Amino acid sequence: MTLAKPARPSRSLPGFGLTLGFSLFYLSLLVLLPLSMVFLKTAGLSWEEFLGVVTDKRVVASYKLSFGTAFLAAVINLVFGILIAWVFTRYRFPFRRLLDGLIDLPFALPTAVAGIALTTLYAEQGWIGQWIPFKIVYTPIGITMALVFVGLPFVVRMVQPILQGLERELEEASYMMGATRLQTFQHIIFPEIVPAALTGFALTFARALGEYGSVVFIAGNMPMKTEITPLIIMTKLEQYDYAGATAIAVVMLVISFILLLCINGLQWWASRKTEEN
Amino acid sequence: MAIELSPEQTADVRKHATTEPAVVRIALIIMVTVFLILFLLFPLIIIFTQAFSKGWQVYLAAISDPDALSAIKLTLIVAAIAVPLNAVFGIAAAWCITKFRFKGKSIFITLIDLPFAVSPVIAGLVFVLLFGGQGVFGEWLFENDIKIIFAVPGIILATMFITFPFVARELIPIMQAQGSSEEEASMLLGASGWKTFIHVTLPNIKWGLLYGIILCNARAIGEFGAVSVVSGHIRGLTNTMPLHIEILYNEYQFTASFAVASLMSVAAIFTLVLKNFFEWKMDKGMGEKA
Amino acid sequence: MKKRFAVIWLSILVLLTGCLGKEDAADGTAKAEEKKEVTLLNVSYDPTREFYEEFNEAFSEYWQDEKGQKVSIQQSHGGSGKQGRSVIDGIEADVVTLALAGDIDEIAKHRELLPPDWQGKLEDNSTPYTSTIVFLVKKGNPKNIADWDDLVKEDVSVITPNPKTSGGARWNYLAAWIYAQEKFNDDENKTKQFVGDLYRNVEVLDTGARGATTTFVERKIGDVLLAWENEAFLSLDEFGEDTFEIITPSISILAEPPVAVVEKIVKKKGTEEVSEEYLKYLYTDIGQELAAKHYYRPRNEAILKKYSGQFPEMKLETIEYFDGWAKAQQEHFADGGTFDEIYTDSP
Numbered sequence: 194m195t196l197a198k199p200a201r202p203s204r205s206l207p208g209f210g211l212t213l214g215f216s217l218f219y220l221s222l223l224v225l226l227p228l229s230m231v232f233l234k235t236a237g238l239s240w241e242e243f244l245g246v247v248t249d250k251r252v253v254a255s256y257k258l259s260f261g262t263a264f265l266a267a268v269i270n271l272v273f274g275i276l277i278a279w280v281f282t283r284y285r286f287p288f289r290r291l292l293d294g295l296i297d298l299p300f301a302l303p304t305a306v307a308g309i310a311l312t313t314l315y316a317e318q319g320w321i322g323q324w325i326p327f328k329i330v331y332t333p334i335g336i337t338m339a340l341v342f343v344g345l346p347f348v349v350r351m352v353q354p355i356l357q358g359l360e361r362e363l364e365e366a367s368y369m370m371g372a373t374r375l376q377t378f379q380h381i382i383f384p385e386i387v388p389a390a391l392t393g394f395a396l397t398f399a400r401a402l403g404e405y406g407s408v409v410f411i412a413g414n415m416p417m418k419t420e421i422t423p424l425i426i427m428t429k430l431e432q433y434d435y436a437g438a439t440a441i442a443v444v445m446l447v448i449s450f451i452l453l454l455c456i457n458g459l460q461w462w463a464s465r466k467t468e469e470n
Numbered sequence: 052m053a054i055e056l057s058p059e060q061t062a063d064v065r066k067h068a069t070t071e072p073a074v075v076r077i078a079l080i081i082m083v084t085v086f087l088i089l090f091l092l093f094p095l096i097i098i099f100t101q102a103f104s105k106g107w108q109v110y111l112a113a114i115s116d117p118d119a120l121s122a123i124k125l126t127l128i129v130a131a132i133a134v135p136l137n138a139v140f141g142i143a144a145a146w147c148i149t150k151f152r153f154k155g156k157s158i159f160i161t162l163i164d165l166p167f168a169v170s171p172v173i174a175g176l177v178f179v180l181l182f183g184g185q186g187v188f189g190e191w192l193f194e195n196d197i198k199i200i201f202a203v204p205g206i207i208l209a210t211m212f213i214t215f216p217f218v219a220r221e222l223i224p225i226m227q228a229q230g231s232s233e234e235e236a237s238m239l240l241g242a243s244g245w246k247t248f249i250h251v252t253l254p255n256i257k258w259g260l261l262y263g264i265i266l267c268n269a270r271a272i273g274e275f276g277a278v279s280v281v282s283g284h285i286r287g288l289t290n291t292m293p294l295h296i297e298i299l300y301n302e303y304q305f306t307a308s309f310a311v312a313s314l315m316s317v318a319a320i321f322t323l324v325l326k327n328f329f330e331w332k333m334d335k336g337m338g339e340k341a
Numbered sequence: 002m003k004k005r006f007a008v009i010w011l012s013i014l015v016l017l018t019g020c021l022g023k024e025d026a027a028d029g030t031a032k033a034e035e036k037k038e039v040t041l042l043n044v045s046y047d048p049t050r051e052f053y054e055e056f057n058e059a060f061s062e063y064w065q066d067e068k069g070q071k072v073s074i075q076q077s078h079g080g081s082g083k084q085g086r087s088v089i090d091g092i093e094a095d096v097v098t099l100a101l102a103g104d105i106d107e108i109a110k111h112r113e114l115l116p117p118d119w120q121g122k123l124e125d126n127s128t129p130y131t132s133t134i135v136f137l138v139k140k141g142n143p144k145n146i147a148d149w150d151d152l153v154k155e156d157v158s159v160i161t162p163n164p165k166t167s168g169g170a171r172w173n174y175l176a177a178w179i180y181a182q183e184k185f186n187d188d189e190n191k192t193k194q195f196v197g198d199l200y201r202n203v204e205v206l207d208t209g210a211r212g213a214t215t216t217f218v219e220r221k222i223g224d225v226l227l228a229w230e231n232e233a234f235l236s237l238d239e240f241g242e243d244t245f246e247i248i249t250p251s252i253s254i255l256a257e258p259p260v261a262v263v264e265k266i267v268k269k270k271g272t273e274e275v276s277e278e279y280l281k282y283l284y285t286d287i288g289q290e291l292a293a294k295h296y297y298r299p300r301n302e303a304i305l306k307k308y309s310g311q312f313p314e315m316k317l318e319t320i321e322y323f324d325g326w327a328k329a330q331q332e333h334f335a336d337g338g339t340f341d342e343i344y345t346d347s348p
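Protein chains in written order, with the numbering used here: chain A, 194 to 470; chain S, 52 to 341; chain Y, 2 to 348.
Because the hints were derived from the structure by calculation, they are not lab data.
Just so you know, these numbers come straight off a predicted model, no measurement behind them.
Glycine included, each C-beta is placed from N, C-alpha and C at the ideal position.
Be careful, since some hints might not be right.
[To be verified] Listed below are the simulated BS3-like cross-link pairs for lysine-lysine, each with C-alpha atoms no more than 30 angstroms apart in a straight line:
no.: 1; chain 1: Y; residue 1: K269; chain 2: Y; residue 2: K110
no.: 2; chain 1: Y; residue 1: K193; chain 2: A; residue 2: K418
no.: 3; chain 1: A; residue 1: K418; chain 2: Y; residue 2: K191
no.: 4; chain 1: A; residue 1: K418; chain 2: Y; residue 2: K139
no.: 5; chain 1: Y; residue 1: K265; chain 2: Y; residue 2: K281
no.: 6; chain 1: Y; residue 1: K140; chain 2: A; residue 2: K328
no.: 7; chain 1: Y; residue 1: K110; chain 2: S; residue 2: K198
no.: 8; chain 1: Y; residue 1: K122; chain 2: S; residue 2: K198
no.: 9; chain 1: S; residue 1: K124; chain 2: Y; residue 2: K269
no.: 10; chain 1: Y; residue 1: K294; chain 2: Y; residue 2: K139
[Stated by the list, open to error] Short, incomplete list of chain A residues facing chain Y, as computed with Cβ under 10 angstroms:
no.: 11; residue: K250
no.: 12; residue: N414
no.: 13; residue: T419
no.: 14; residue: L424
no.: 15; residue: E431
no.: 16; residue: Y435
Chain A extracted, bound-state conformation (with noise of 0.2 angstroms):
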């Protein structure tokens, strides 16, 4: 996750064999082989009969709902990750450092605490939920809620190091140049902070999409509405439909794959952008 300069790599260092061939064999081992099972067990279907598990109607309507509320909670994450960096490395306020430290929080947390707890603030008697007007637990709303906060570290975390980093002389330029501050922020800062709030923004998105633990809790689980694509694939496995949920993985892995390569591109956009500089 790196924006510092690479070094240049030597071969004069012992231990590339060694390493390389542990970390293949760990890798091929913990994560290729089960995950190649997958594609394995996928493969007794038939392509029509893969295309009829994965298009079906209350399938489509899942991912219609995980892909929504993952995009909407990233949206938000992006917004306020943002923000949240923004105060906290310019303003000076009481309890800063405090709430600097609980932004972490959400990746501490057991999801599965995450869903009870937010469910029983947000619940229609709950504390927060009574005041406000609109239902959010059992919602769309109360399941982006709760992606939210899985996600939240992730934007804040990678644009505040960058927003440290920036040197404040150009923006004074800016401002001697006859800049407005917005001006300064459109043109002078955020195409600095860009490539990594992109970055953590697919990162939240990634992660938001397989969420399971804390959306369980608070979403209803109804079908067509509030029902997301991991709990379609328990809900296979509970039917003993192996090869349905398998399938139903197999386009999950497909596009988590597409993300990732997506977030490599982008970091390494943003460490050539650095390097430019």
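Please build the complex by placing chains S and Y on the supplied structure of chain A, with the hints as guidance.
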């Protein structure tokens, strides 16, 4: 651009150029604070208020219940095995990625990240497909009486899968930024590869390593989805803390459920404190170097 | 620092392994002293937690007195389908006590874990206790719900779990179906319409029976919960009779949660005898009393009569109304069945 500025003017420029009017500033601070309180602080507070809503006795009873204790023990064992293994992998992977050039490196890095983007449900599923009764090794395992799924090894495997990228991801950027010159110097002076690693590389990366380990550990302790698929939910045997919380919640023992959840929240807060400490150490280390 | 860290790490590991080792040693000496202790695993569905907790104690005592052998019974609970899948996937259950015969049939189909005729092995279709589906409403019954046709009214919000994942929910669905089919004299379209209307009133479709109960009693969502009779009684116990009341509909289904020994596993573990005795103990007076105490309808007529105040007479149809589980599952709950139609055909 040689404009001469008086000190007052400099201060004036600095003030206007790099910050916003007070109104905007305060509005933004309030917005961010409210957002964080609603999303982060309140959930944390409600866990503790619910946990203590029936007093200390109930709380203590909940966390000293034999099933709760066995869940705590299992969770610790799982983390104690999964985290060091992933740490060793993380160091090895970071070493070969940052110190050498080879073909397919970027695909290798993407593959390391993969578990991060895979839904926990799928992570559990793949191990069922491998080691489950109808899985590839299912019959063989059954005949030889080796239990993987619905037993501790399966839970450890699923946890290892989920926490796989954490240490590697933390170390790669640090080692990349530090470069290889110190190691090369050490080798030139005649130190062995192992010695170089222990005396040169490790001290440089130790705070980053600990930071990765602590994140890996937090995730390992808290994983729910993947573990839920492979655990089998046998009381006192294959329930980890998050699963135990779900069970209590389903048994109308809401207070007890929040009590165990509060223990996990304490662990989370402790993690955050450690993390901030390591971060601070890391910054200091970097600062001294620079 | 490095060293200190390593020392701490090592001592933690030693402590952990030490704990494990000690326990093994304790087990070892116990084994030498008397007959080897056996451990059974009972894989069950959601609402039986409280019942089996007490029943297991009773059986352990009985077995100790009878055979001088210590038996400890481990429990696993969850949605019936999920539990069935765990058994197929390799959880080493000696006995299964699930919500419906369909799930045990499914186990019998895979890996030869059970013979296909398992349901004939014990009396009464291998179901030592039965239950039915009733309504749980808020105290005072503010929406005046008396029977199934009150559930399709527009302003009534219903809570029931998802039949795809929950065994209890399948009984709920079939009970509603029976009512409609009787009401409309076997007119299938009207029956479908009725059940569809009912499910369109469902606000939250939890994955398991317990989840649905929690949603209703704790989150206070919905006007009526379709629940197992025993689950409904349990809610009254937990939350007080002044908060909820039970409504018995004019007609419902006789839910038969069956039990079976998983033969392939007990053969391997050598626990055939104790597992069979464990299930048979459910049919004894003690087992039947305990079932009744936990609000399951006992098969034993005398004991059922003793608790008749608790179990009102209702018109109950069995699964034979649908020609058995295999057919009911295929027609209603398989992908593309009548349940799916409700959600995919509605606007």
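Results for each hint:
A C-alpha spacing of about 19 angstroms is found between Y/K269 and Y/K110, which places the hinted pair at or below 30 angstroms, so the restraint holds. A distance of roughly 21 angstroms separates the Cα atoms of Y/K193 and A/K418; the hinted pair therefore holds under the 30 angstroms criterion. Proximity of A/K418 to Y/K191 is assessed by CA-CA distance (about 25 angstroms); at most 30 angstroms being required, the pair is judged to hold. Distance restraint check for A/K418 and Y/K139: the Cα-Cα separation of roughly 27 angstroms lies within the 30 angstroms cut-off, and the hinted pair is therefore satisfied.
Distance check on the hinted pair: Y/K265 and Y/K281 sit about 19 angstroms apart at the alpha-carbon level, within 30 angstroms; holds. Between Y/K140 and A/K328 the alpha-carbon distance is near 24 angstroms, which keeps this suggested pair within the 30 angstroms criterion. Under the criterion of a C-alpha separation no larger than 30 angstroms, the hint pairing Y/K110 with S/K198 is consistent with the structure, at around 22 angstroms. Only pairs whose Cα atoms come within 30 angstroms are accepted, and Y/K122 paired with S/K198 is accepted, the gap being roughly 29 angstroms.
Restraint check for S/K124 and Y/K269: satisfied, since their Cα atoms lie roughly 29 angstroms apart, inside the 30 angstroms limit. Using a Cα cut-off of 30 angstroms, the hinted pair Y/K294 and Y/K139 holds, with the two alpha carbons roughly 24 angstroms apart. About 5 angstroms separates the beta-carbon of A/K250 from the nearest beta-carbon of chain Y, less than 10 angstroms, and the hint is met. Hint status for A/N414 relative to chain Y: holds, with the closest Cβ pair at about 5 angstroms, below 10 angstroms.
Annotation: interface hint on A/T419 holds; nearest CB of chain Y at approximately 8 angstroms, less than 10 angstroms. Given the 10 angstroms rule on beta carbons, the hint for A/L424 holds: about 8 angstroms separates it from the nearest Cβ of chain Y. Given the 10 angstroms rule on beta carbons, the hint for A/E431 holds: about 4 angstroms separates it from the nearest Cβ of chain Y. Interface restraint check for A/Y435: the shortest CB-CB distance to chain Y comes to about 9 angstroms, inside 10 angstroms, so the restraint holds.
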